[in-house]
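Protein chains in written order, with the working numbering: chain A, 85 to 416; chain B, 125 to 719; chain C, 9 to 373.
Hints were generated in silico from the structure; no laboratory data involved.
Please note that a few of the clues may not be correct.
To be verified - Facing chain A, from chain C, some residues (calculated, C-beta under 10 angstroms):
| id | residue |
| --- | --- |
| 1 | Val-117 |
| 2 | Gly-122 |
| 3 | Ser-134 |
| 4 | Lys-155 |
| 5 | Val-156 |
| 6 | Asp-157 |
| 7 | Thr-160 |
| 8 | Phe-188 |
| 9 | Ser-189 |
| 10 | Gly-190 |
| 11 | Leu-373 |
As the list claims (entries may be wrong) - Within a straight-line C-alpha distance of at most 25 angstroms, the following computed DSS-like cross-link-like pairs (lysine-lysine) qualify:
| id | chain 1 | residue 1 | chain 2 | residue 2 |
| --- | --- | --- | --- | --- |
| 12 | C | Lys-372 | A | Lys-331 |
| 13 | A | Lys-331 | C | Lys-158 |
| 14 | A | Lys-324 | C | Lys-95 |
| 15 | A | Lys-226 | C | Lys-95 |
| 16 | A | Lys-324 | C | Lys-30 |
| 17 | A | Lys-324 | C | Lys-306 |
| 18 | B | Lys-299 | B | Lys-325 |
| 19 | A | Lys-377 | B | Lys-359 |
| 20 | A | Lys-377 | B | Lys-407 |
Glycine residues also receive a C-beta, built at the ideal position from the N, C-alpha and C atoms.
The lines below spell out each chain.
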Amino acid sequence: MLAYLIRRLFAAAVMLVVIVMVVFGIFFLVPKWAGVDVATSFVGKQADPAAVEAIREKLGLSDPIFQQVWEFFKGIFVGRTYAAGGDVTHCAAPCFGYSFRSEQAIWPVLTDRFPVTLSLALGAAVLWLVFGVAAGVLSALKRGTLWDRTAMVVALGGVSLPIYFTGLLSLAIFSYGLGLIDAQYVPLEDSFSGWFGGMILPWITLAFLYAAMYARITRATMLEILGEDYIRTARAKGLKEQTVIGKHAMRSTMTPILTMLGMDLGALIGGAILTETTFSLPGLGQAVLNAIKNQDLPVILGVTLITSVAVLIANLLVDILYAVIDPRVRLS
Amino acid sequence: MTTQRTSGRAKRTAAAAAVVAALLTTAACGGGDDGGSKNGAAGFDAANNKVAQASEAKKGGTLRFGSVQDADSWDTTRGYYGFMWNFSRYYSRQLVTNKTEAGAAGAEITPDLATGVAKVTDDGKTYTYTLRDGVTWEDGKPITSKDVKYGIERVWAQDVLSGGPTYLKEVLDPKGEYKGPYKDKAKDHLGLKSIKTPDDKTIVFHLPQANSDFEEMLALTSGSPVRQDKDTKSKYGLHPFSSGPYKFASYSPGKDLKLVRNANWKASSDPVRKAYPDAITIKFFSNANDLDQRLINGDLDIDLAQTGMSPQGRTVALKKHKGNLDNPVSGYVRYAVFPQSVKPFDNEHCRKAVIYGADHVSLQTARGGPVAGGDIGTNMLPPSVPGAEGQKYDPYGIAGANKSGNVAKAKEELKACGKPKGFSTTIAVRNNKPVEVATAQSMQAALKKIGVNVQIDQYDGAQTPGIIGSPSNVKKKGYGIIIMGWGPDFPSVQGYGLPLWNSKYILESGNNNYALIKDKKIDGLFTDYVKTLDDAGKTKIATEINHKVMEGAYYLPFTFEKFLNWRSDRVANIYTSNGYSGMYDFVNLGLKSSK
Amino acid sequence: MTELSKTGAAVGEPTDPTTAGKAFLDVRDLKVHFPTDDGLVKSVDGLTFTLEKGKTLGIVGESGSGKSVTSLGIMGLHTAGQYGKQKARISGEIWLNGTELLSADPDQVRRMRGREMAMIFQDPLSALHPYYTIGQQIVEAYRIHHKVDKKTARKRAIEMLDRVGIPQPDKRVDSYPHEFSGGMRQRAMIAMSLVNNPELLIADEPTTALDVTVQAQILDLIRDLQKEFGSAVIVITHDLGVVAELADDILVMYGGRCVERGPAEKVFYEPRHPYTWGLLGSMPRLDREQQDRLIPVKGSPPSLINIPSGCAFNPRCPYADLPKDNVTRTVRPELTQVGSTHWAACHMSTEQRERIWTEEIAPKL
C-alpha cells in the first residue's frame with residue numbers, strides 16, 4: 085500500500101511538471117507561432133514600445149522557455165523578484181506568478197478565492213450526493229414505475245439543461261421575482277446565514293446538474309448490483325431487505341459513485357466557471373474567466389496549476405478510497 | 125463555416141436569453157413609475173444633458189456602483205477606461221478639470237487645484253498655473269506644484285506605468301529626451317525640463333510646440349499630482365494616495381472597491397466637488413444580467429461602466445421602469461474601415477461602392493436599433509466633439525432616402541473602380557462582440573446584392589492590437605473591411621481623430637489608423653489645429669478634417685452610438701456630461717436620503 | 009421412518025391432504041411461473057416431493073429444467089427483493105417442519121431463511137460479497153438469528169471455518185473471498201450456511217465451479233456434515249455423478265416437471281424414463297474404456313413458454329413413436345409407479361422400457 089502510494093505521488097509530481105510545461109507552451113509559444121506578441125496584449129490602447137519591452141523583460145518573455153519554466157518553479161519555493169525600469173516587485177514564496185494587470189501576486193488571489201469555490205463545490209456535492217443517490221436508488225427499486233420514469237425524465241432534463249439557463253431561471257424566480265433569497269456571496273467567517281443564503285441557489289443549480297447525472301449512474305449501478313449473486317446470498321442468510329439494500333448493495337453501488345465524485349470535485353475546485361459567472365461568485369472560476377478576458381496569463385497559469393493539483397489530489401484520494409472500499413484493489 | 129457555427133450557438137444562446145428575459149419581465153413586479161415624482165425616478169431622459177433632482181441631494185449615505193468590468197488601473201497615470209477617468213475624480217484632483225455641468229458644458233475646462241485656467245503666453249507655448257490655498261493630501265500635507273510635476277512625469281515611465289494616455293509626454297517632450305522619474309538622475313527626480321516649479325504654488329509648462337488642446341490634456345486623469353514618497357510605482361493603482369474628497373478604504377481587484385471620506389479634504393479648497401455621499405462602493409459582477417437585475421431591484425444605484433444595459437435588462441427596464449433610464453449619445457462612432465493596402469480598396473470607387481451598397485437601417489438594427497444602438501451615423505465625427513455636424517453632414521446619403529442601400533449608385537462606383545461584376549473580400553470582426561458580428565453579417569447580406577462577396581473572419585477580440593493593429597497582418601490576411609468603434613479621449617478632433625487619421629500614427633503594431641490614411645491635407649489640418657488657439661478656429665478645422673476623411677471614403681459609419689443607462693430612485697443631482705462621452709458625471713452624484 | 013415413507017419411500021405421491029406437512033419437507037404441486045413480455049415462463053409446473061431429516065435428495069436435470077427455481081422457491085427468494093418487475097407467480101404448498109411457507113408471513117419466512125433452511129450456491133466467488141471479509145459475512149449470518157455480541161459470533165465463525173477444514177481459521181477469518189482458492193471459498197460458503205445449524209440445506213450445483221479433485225472433497229464434506237448435523241439436504245445438479253455419491257433419493261426434472269424419481273440405486277440401475285437414460289449416457293464413467301459409451305441427449309431443452317404438447321420430452325425422445333395413436337404428442341404422461349418407491353412419467357409400457365433398458369441402453373453404458 086505504501087509503495088503504491090509513493091508510486092502514485094511520484095506519478096502525480098511528474099504529471100504536474102508536464103502540465104506546467106504544456107500550459108507554458110500554450111500561453112507563451114503558441115502566440116509566438118501565430119505571430120502575436122504576448123507582451124503587446126499587456127499594454128493599453130496606445131502601445132508604447134518601451135512598455136512592451138519592459139513587460140517582456142518583467143515576464144522574462146525573451147528567455148528560453150525552459151528557463152521561464154524553471155524560474156516559475158523556483159518562485160514557488162523561494163519567491164521571485166520582478167524588476168524592470170526601476171520598478172521592483174517582490175512576489176513572496178509560494179510565488180505562483182504575478183499579475184501585471186491587477187498588480188497582485190497570484191497566490192493570495194488564489195487563497196482568497198479558493199474558499200468560495202470550495203464552498204460551492206462541497207455544498208453542491210453534499211446536495212447532489214444526497215438527492216442524486218437517493219433518487220437513483222429509489223428509481224432502481226421502483227424500476228418501470230411512474231416514479232422511476234418521472235425521475236429519469238427530470239434527470240435527463242438536469243443533464244441537458246445548461247447552467248446559465250437553470251441558474252438564471254432560479255435567480256429570476258427565487259431572487260429577483262419572489263425576493264426570497266438574496267443571492268450574494270457573503271464569506272462564511274462574516275455570517276453563516278448570509279453565506280448559506282448566498283450559496284443556496286448556486287448549490288441547488290449546480291447540484292441539479294450533477295444530481296441528475298448521479299441519479300442515472302446510481303440507478304444503473306444499483307440495478308446491476310441487485311442482480312449479483314452475493315445479494316441473493318445476503319437474502320438467503322435471512323437479512324432484512326433494508327439491510328440487503330442499505331448495506332450490501334449500497335457498498336458496491338458507492339464505488340463508481342465515489343470515483344465520479346472525486347473527479348467531479350477535482351474539476352469543480354478548478355472553478356465552476358459557468359456557475360460562478362451566473363451567480364457572480366468571486367471564486368476561482370470567475371478569476372480565470374476575468375483573466376482570460378484580460379489576457380492575464382499569470383492568473384490563468386496559476387489557476388490551471390491549482391486545478392491540476394486539485395484534480396491530481398482528487399485522483400489520488402479516489403485511488404486510496406478505492407483501495408479502502410474494494411479490498412481487491414489493495415492486492416494489485 | 126466559422127460564421128455558421130457561431131451563429132448557431134448564438135441563436136441558441138439568444139433563445140435561452142429570450143426565455144429568461146420573458147420570465148424576468150413577468151417576475152419583476154412594481155409599477156411602471158414613469159413620472160417625475162420627487163422620491164421616485166426622475167423620468168425618461170430626465171438626466172440626459174440636463175440636471176435631474178439637484179435639490180433632492182442630501183449629505184450622507186452610500187452610493188453603490190456595480191460593474192461587470194474592473195478598471196484597467198486605478199492609478200491616475202495608467203487608467204484609460206472612460207469610467208475610470210470619471211470615477212477617479214472622487215480621489216484625485218488635477219490643475220484643471222471638466223466642468224461639473226450637464227451636456228456640452230461638461231466638456232469645458234474649469235480650474236480645480238489651480239486658482240484659474242492657464243495663463244497662456246508665448247504664442248500658446250507657455251502655460252502658467254497657481255495652486256489654491258488649502259489643497260491637501262489625504263494625510264493633511266499640502267499639495268505642491270512639485271507633486272503635480274511628479275505626477276505628470278510618471279507618464280514618461282511607460283515601461284513601468286503602461287496603459288494610460290501619453291498626450292502630455294508627446295506634447296511636452298516630443299523627442300522623448302526625458303526618461304521618466306524612475307530613471308531620473310536628479311536628486312529630486314524632477315528632471316523634466318519643460319515643467320518648472322519656481323515655488324510650491326506655481327507651475328509653468330513650456331511647450332516646444334503649441335498645442336491648442338494642451339489644457340484638455342492636463343484635465344485628463346494622467347495630469348493628477350502624485351507624491352513621491354507615496355508612489356508605489358506599478359502597485360500605485362491598488363491604493364492611489366488621495367487628493368480628493370474620498371480615499372481608498374479597501375480594494376480587491378475584480379471583487380470590490382470602497383471609498384470613504386477623506387477627512388483632510390476641505391470643501392473650501394475645491395470649487396468642483398460637492399462630495400455628497402459618505403461612502404462609495406463598487407461591486408464587480410461576472411454576469412451582466414445579474415448586474416442589470418440588481419440595478420432594477422434597487423440593490424445598486426449606477427452601472428460603473430456606463431456602456432448601456434444588456435439586452436435582457438434593457439427589455440425589462442424599458443417596459444417597467446422607463447423613468448429610471450437615460451438615452452444619451454455615447455461619443456462613440458461605430459463603423460467599418462477599409463485598409464487601403466488590401467485590393468481593391470486601394471481604389472476609392474470600390475470603397476464608395478461598399479458605402480453605397482450597405483443597408484444602413486439593417487446595420488443600425490444590428491447595433492440595437494435607434495434607442496439602444498443610436499442614430500444612423502453619417503460621418504466620422506462624434507456629435508459630442510466641437511465641430512461635429514451630426515446627421516446634417518451626410519455626403520453619401522447614408523441616412524437619406526436610400527438608407528436601406530443604394531444599389532444603382534453602388535454599381536456605378538463598381539464600374540468606375542473597374543470591377544463592374546463585383547469582387548470578393550474579407551471582413552475582420554472581433555469574436556467577443558456579438559453586436560459587431562451582427563453588423564458584419566448585415567454587410568455580408570447587403571453587399572451580395574451588388575456582387576461583392578464577403579467572407580467573415582472572427583478573430584480573438586483580446587488580440588486586437590496584434591491582429592488588426594498590424595498593417596502587415598491585415599494585408600496578409602486580406603482584411604478589406606474591419607469593423608470597429610472609437611470614442612474621444614477628450615472632446616476635440618485631436619482627442620478623437622489624431623490616431624485614426626494622421627499618417628504619423630501608422631504603427632507596425634497597435635496601429636489604429638487602420639485605413640492607412642496618408643493625406644498631406646489631413647496631416648496639415650491637424651498641424652494647423654494644434655496651433656489655433658481660438659475655439660471658433662478650432663471648430664472650423666475640426667469640421668474640415670471630418671469632411672476630408674469622409675471625402676476619402678475610408679470609412680462607412682454605422683451609428684452615432686447611444687446607450688440606455690440606469691439610475692436608481694435614490695440618486696439625485698444626476699446628469700450626463702459630454703466631458704465623459706455621455707456618461708453620468710459621477711463626482712457630484714448625491715443620494716436623496718442619508719440612509 | 010414415517011408411515012408415508014414405508015409406503016411411498018421418501019419420495020412418495022403425497023396427494024392426500026390429511027398427510028400435508030407431516031413430512032419434514034413436503035412440496036405439493038409447486039408451480040413457479042414468470043410472466044414476461046414474451047409470455048408466461050413455466051419454470052416449475054407442478055412438482056411434488058417430500059424429504060425427511062437426515063436424508064439427501066438429489067434433483068437432477070439440464071439447465072432450465074426448473075431445479076434451481078425450485079430451490080429458490082423453497083427459500084422464498086422469488087418474492088423477496090423483486091423490485092419493479094412483475095413478480096413470479098407461485099402456487100402449491102411448501103411445508104417445512106409443519107409450516108406452510110407460501111402462505112406464511114414473508115417476515116416469518118425471512119426469519120426461517122438462514123436459520124432453518126440454508127443454501128450453498130454454485131459459484132462461491134460471486135456469491136460472497138467481495139468487499140467484506142469471510143469472517144464478517146459469517147458473523148453477520150450468525151448474528152441475524154442469534155443475539156450475541158460480535159466476539160462470540162467471531163468465535164463461532166472461526167469454529168465453523170475450522171469444522172469445514174480451513175487451515176489457520178483464526179487468521180483466515182479476516183481474509184477476503186478473493187484471497188481464498190475456489191475450494192476454500194466453497195468451504196467458507198458451507199461454513200456460513202451451516203453456522204446456524206439449519207435443518208434443511210440446499211446445495212445448488214455446489215461443485216460445478218470447482219476443479220475435479222476439489223469436487224470430491226467438497227462432496228465428502230457435505231456428506232460428513234449432514235451426518236453430524238442430521239439435516240435434510242437437497243443437492244441440485246446436472247451431474248448424476250454428484251448425486252450418485254450423496255443422494256438417498258433422486259428426482260429427475262425435465263421441462264419444469266418431475267419425470268422420474270425413486271431411491272438412488274433404483275434410478276441408477278433400473279431407470280424407467282428415456283431422459284434418465286440420456287443423462288446416464290452422458291455421464292462420464294472412469295470404470296469403462298469404451299469410446300462410444302457417451303450417448304448424449306439429442307436436441308436442446310424445451311422452451312418453457314411453449315412446452316411441447318403431450319410428453320415434454322417427445323421431440324428429443326428416440327422412442328416417441330413406440331406408443332400407439334401418437335399419444336406421446338397429445339397426452340401428457342403422469343407419474344406412474346414402476347416399483348414400490350419408484351415412479352416415472354412415460355407413455356411406454358413398463359415392459360417396453362425394461363426391455364429397451366436391459367437390451368439397448370445398459371450394455372452401452
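Against the structure, the hints come out as follows:
1. Of the supplied interface hints, the one on Val-117 (chain C) holds, with its beta-carbon coming within about 9 angstroms of a beta-carbon of chain A, less than 10 angstroms.
2. Checking Gly-122 (chain C) against chain A: minimum C-beta separation of about 3 angstroms stays under 10 angstroms; hint holds.
3. With a cut of 10 angstroms, the hint placing Ser-134 (chain C) at the interface with chain A holds, because the nearest CB-to-CB distance is about 4 angstroms.
4. Checking Lys-155 (chain C) against chain A by beta carbon gives a least distance of about 14 angstroms; that is not within 10 angstroms, so the hint is violated.
5. The restraint placing Val-156 (chain C) at the interface with chain A is violated, with a minimum CB-CB distance near 15 angstroms, outside the 10 angstroms limit.
6. A hinted interface residue such as Asp-157 (chain C) counts as satisfied when its beta carbon comes closer than 10 angstroms to some beta carbon of chain A; here the least separation is about 18 angstroms, so the hint is violated.
7. Interface restraint check: Thr-160 (chain C) against chain A, minimum CB-CB distance 18 angstroms, threshold 10 angstroms, status violated.
8. Among the interface hints, the one on Phe-188 (chain C) is violated; its C-beta lies about 12 angstroms from the nearest C-beta in chain A, farther than the 10 angstroms criterion.
9. A hinted interface residue such as Ser-189 (chain C) counts as satisfied when its beta carbon comes closer than 10 angstroms to some beta carbon of chain A; here the least separation is about 14 angstroms, so the hint is violated.
10. Annotation: Gly-190 (chain C) was flagged as interfacial toward chain A, and the flag is violated, the nearest CB pair being 14 angstroms apart, outside 10 angstroms.
11. Violation of the interface hint for Leu-373 (chain C) is found here, the shortest Cβ-Cβ separation to chain A being roughly 35 angstroms, above the 10 angstroms cut-off.
12. Between Lys-372 (chain C) and Lys-331 (chain A), the direct Cα distance comes to roughly 54 angstroms. Violation of the 25 angstroms bound is thereby established for this hinted pair.
13. For the hint pairing Lys-331 (chain A) with Lys-158 (chain C), the CA-to-CA distance comes to about 17 angstroms; that is within 25 angstroms, so the pair holds.
14. Between Lys-324 (chain A) and Lys-95 (chain C) the CA atoms are separated by roughly 19 angstroms; this keeps the pair inside 25 angstroms, and the hint holds.
15. Straight-line distance between C-alpha atoms of Lys-226 (chain A) and Lys-95 (chain C) comes to about 13 angstroms, which keeps the hinted pair within the 25 angstroms bound.
16. Restraint check: the Cα-Cα separation between Lys-324 (chain A) and Lys-30 (chain C) comes to about 30 angstroms, which exceeds 25 angstroms; the hinted pair is violated.
17. This hinted pair does not check out: Lys-324 (chain A) and Lys-306 (chain C) have alpha carbons roughly 44 angstroms apart, beyond 25 angstroms.
18. A hinted pair counts as satisfied when its Cα atoms are at most 25 angstroms apart, and Lys-299 (chain B) with Lys-325 (chain B) does not qualify at roughly 28 angstroms.
19. Distance restraint check for Lys-377 (chain A) and Lys-359 (chain B): the Cα-Cα separation of roughly 21 angstroms lies within the 25 angstroms cut-off, and the hinted pair is therefore satisfied.
20. A hinted pair counts as satisfied when its Cα atoms are at most 25 angstroms apart, and Lys-377 (chain A) with Lys-407 (chain B) qualifies at roughly 18 angstroms.
When the structure is compared with the earlier hints, violations turn up for hints 4, 5, 6, 7, 8, 9, 10, 11, 12, 16, 17 and 18 and for no others.
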